[in-house]
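Enquirer: Sequence:
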Amino acid sequence: MTKKSKVIRDLNLVEKELSSALSGVVSISLKKENFAQLATNFVYQNKNIFFYVDNVELIRTIKLDSLAKFTILKDKNLTKELIEKKDPLYRLFSIVVTGVIREAEEQKTIRSVAQSFIEKYSGKLIREEKENSTQGKLLFVDSEELLAFDEIGY
Numbered sequence: 001m002t003k004k005s006k007v008i009r010d011l012n013l014v015e016k017e018l019s020s021a022l023s024g025v026v027s028i029s030l031k032k033e034n035f036a037q038l039a040t041n042f043v044y045q046n047k048n049i050f051f052y053v054d055n056v057e058l059i060r061t062i063k064l065d066s067l068a069k070f071t072i073l074k075d076k077n078l079t080k081e082l083i084e085k086k087d088p089l090y091r092l093f094s095i096v097v098t099g100v101i102r103e104a105e106e107q108k109t110i111r112s113v114a115q116s117f118i119e120k121y122s123g124k125l126i127r128e129e130k131e132n133s134t135q136g137k138l139l140f141v142d143s144e145e146l147l148a149f150d151e152i153g154y
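Counting from 1, one number per residue, gives the positions in the sequence shown under our numbering.
Rather than coming from a laboratory, the hints here were simulated on the basis of the structure. No false leads were mixed into what you were given.
Taking lysine-lysine pairs in the BS3-like style, the calculated list, with each CA pair at most 25 Å apart, reads:
(1) K31 <-> K63
(2) K124 <-> K16
(3) K120 <-> K108
(4) K47 <-> K124
(5) K4 <-> K69
(6) K137 <-> K31
(7) K137 <-> K63
(8) K69 <-> K3
(9) K47 <-> K137
(10) K63 <-> K47
(11) K4 <-> K16
(12) K74 <-> K4
(13) K76 <-> K47
(14) K3 <-> K76
(15) K6 <-> K74
(16) K108 <-> K137
(17) K120 <-> K16
(18) K47 <-> K120
(19) K108 <-> K124
(20) K6 <-> K76
(21) K120 <-> K76
Make a model of the complete structure from these sequences and hints.
Expert: This is how it looks when you write it as structure tokens:
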């Protein structure tokens, strides 16, 4: 099988894809020289990836301020043009966000991200103040690098 990969440099397109994607995989370092990979829903806000972790044991073992990577994959539809050319098997669009894992501590940010989660995943526009706050810790990948690729396999 042959792969053809193209780097996507259009930041607006990358940010649009990050905002519309519903889930991804985050890879984080743990305190005992290990790492964990978690499939998670997320919000892309202020150039960072925000997600909740509710596993108390995992929260205790996460090595904050260490390198983390967040990845989304999207299966892109094949266009007629591509099909006519070389009979492709698949087309994937991927984005990898590399940065440092941190815990959100500022209340303004925590409320804003909680509202963004509600809007993105439930369709509600306003968070009720009476609602219980979310369980778990709000963590984020403080992004340092965004890489996007469009890959076609033949």
